[in-house]
Amino acid sequence: MALFRTTSLRLFFVVLTLLPLVASIVHIGVTGPDTKRWAEEPRLELVNEPVLPNCTEPVCTGPLAGIYCTGKLIHVSWMFGLESSCPGDMMLQAPDAIIAAFNKLEYPLKREDFKQFCHDNFATFPYLKLAKLRDWIEEPPYLLRIKDDRLREFAKRLNGIWRSLGRKFDIKVKENPDLFPVLSVPHAFVVPGGFFQMYFYWDSYWIIKGLIFSNMTLSARDMIDNFASVIQHSGFIPNSGNIQLSRRSQPPLFTQMLADYYHATQDKTFLSSMLPFVDAELSWWRSERSIVLSSNLTNHTMFLFRAASNCPRPENYLVDLENGVKGAGDAEFIWSSIASACESGLDFSSRWFAYTGPRARTKFSIRTNNIIPVDLNAFMVLNYDSAADLYLEFGRERKAQSYRKLAADLWASMGSVLWNEAEGVWLDYDVSEQAHRRKFYPSNVFPLLTGRATMQAANRVHYYLLSTGALDFRGGIPSTLDDSSHEQWDFPNGWAPSIHLFVESLRRSSHPRLFDIALQTANKFIRTVYNGLLNPVKEYPPACWEKYDIRYDDGRPGTGGEYPVQQGFGWTNGAVLDMILNFHTGTDKQFRLSSEGLPFPFDGSPHSQLIALVLLVCVVLAVWFTCKALSSRRVKLRKGRWHAAGMAEESRLIEECEEDN
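Residues -24 to -1, 1 to 637 in mature numbering (1 follows the signal peptide of the UniProt record, and there is no 0) are what the sequence shown spells out, letter by letter.
Among the clues, some could well be false.
Unchecked claim - List of simulated lysine-lysine pairs, DSSO-like, C-alpha gap at most 27 Å:
| hint | residue 1 | residue 2 |
| --- | --- | --- |
| 1 | Lys108 | Lys91 |
| 2 | Lys48 | Lys91 |
| 3 | Lys80 | Lys48 |
| 4 | Lys244 | Lys48 |
As the list claims (entries may be wrong) - Cβ pair distances, simulated, as ranges:
| hint | residue 1 | residue 2 | range |
| --- | --- | --- | --- |
| 5 | Leu20 | Val407 | 40 to 46 Å |
| 6 | Leu447 | Leu81 | 54 to 60 Å |
| 7 | Gly562 | Glu33 | 32 to 38 Å |
| 8 | Ser266 | Asp96 | 44 to 50 Å |
| 9 | Ser486 | Arg414 | 25 to 31 Å |
| 10 | Asp243 | Asn435 | 34 to 40 Å |
| 11 | Asp365 | Gly562 | 23 to 29 Å |
Hints in this document: simulated from the structure, not taken from any laboratory. Here a beta-carbon is modelled for each residue, glycine too, at the ideal position from N, C-alpha and C.
My request is simple: use the sequences and hints to build the entire structure.
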């Protein structure tokens, strides 16, 4: 189906480039292409001179933009189906020279001529190398505190995965940065896995949590220091180190990474060196991603995802071009909202689509730029409070007070703008429609992370969750309850980041019933990931996946989206290890599972259910044979010399048999 669709898109755009009438709206884009995706696809041998999209803000800037981010080269590469290899990893000459060489090519452009141009100007170069993480150990201390043998072995396997995910930049990239479409960093880092072979912003939050479980605080510190170098270079942290993702960020969790590291190490020297970068990043989000709303004669400064670019993404050019041409609205708004959805980390989800109207519940109606999301604003409250706490470690009262005020003001604004009294929960707000978006998303409860919610609000959230049906699935919490879009951040998929934040929100709420739900949800997801890695269903290899089908707890991966499901997987490893730390090592003394003498419940998968059934059959057979033996013994006793004594024993044994049954 994907093959047919992309072939059709290429033929569609061959025709489209011949129609100058539509020149004002044409363009394209894709995320994370599979290098084998077009292997069997019928290929074009000629491409006419492209009609470029009419957009004003490309996805990257600088001398490499015309090669890797926008323009005719990207268009032609996608039309020929060569996007996975050209432009290549490394430029063989200066950007201006490459663009000049490309401009000399004549149209209609032959496939072989373009391939020769690519060969002459680019090289395949693995700019990342496998890195040995210097502080990895086989049995970190937290591992020894896990009571359940199977859970301990599972955590040990997850701990071992870190060794395969360590990367560092080749020295050639650092010595010749102008030849590569990446921003290098000084230290080794952990990648998500699969074809995500680069550092990614918000993935690293869960990776660092996992590293802390594994007692790899030096590796965690290196990753935080890497992001500080990125902030120093760019003024903020982009989505990733790839230039094609350099004008959009991801959910701002740098402050939380630093707070987690400091709480684990009490390293005040490193903390002191990082605080200026905390200031810089939080300032960037306030200046570049905020909006002022008026409500009840009060101005509210709120945050939203709104990427700087309004052009098609080069990593998924053709699909984005189609979305812009056929979209329900202005093409530039569609393209910008697509990039903003990527900035949210949820690329893609019906959460960002129109609920009604033309092309509703599809990417053709995407409207991310108009939505004030609950999670982003909760993260910013949490960041402001955490920054205040970190400054207090150095007695910086005035600085702490300024951050505390920002947190209090934003929390009050969330109450006015995002809290829905009828539903009893926080909801995303659509600025253009001036209305809440009344759908279940795990992020609806993320404000509980801040510790600022009242017990009354937590109680309302409890009843809200019970009413949604979102708690009814064996494998965890779904990203949404919308099963019509087939996007990867929709039902039936569940993702480690959303599930972990959902669990943490309820765990931190101080509400006992919400804590029970947190524990149940954590155990469901731990069991799901356990089965996927150690007890997989037949069709799949044993793996730790990026997403799961949460209708089941047998570990089967999720589906949908713009690329095949990936394994590795950094944030799943980290999220699960953190859940194990919080619920199964005795760390949380107030709600310590082991204090109740309860084993970890590996009983939800079909495999576990089969084992339980076999055991039940064995017990029934054992009771049946015991009763049969007793019946035989009764006959012998009646024939014996001590008939009275035999009758007494018979009565006693029969009673025991009846009790067992």
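Against the structure, the hints come out as follows:
no., hint, in the structure
1, Lys108 to Lys91, "violated, 37 Å"
2, Lys48 to Lys91, "holds, 15 Å"
3, Lys80 to Lys48, "holds, 12 Å"
4, Lys244 to Lys48, "violated, 51 Å"
5, Leu20 to Val407: 40 to 46 Å, "holds, 42 Å"
6, Leu447 to Leu81: 54 to 60 Å, "holds, 58 Å"
7, Gly562 to Glu33: 32 to 38 Å, "violated, 52 Å"
8, Ser266 to Asp96: 44 to 50 Å, "holds, 46 Å"
9, Ser486 to Arg414: 25 to 31 Å, "holds, 27 Å"
10, Asp243 to Asn435: 34 to 40 Å, "holds, 39 Å"
11, Asp365 to Gly562: 23 to 29 Å, "holds, 25 Å"
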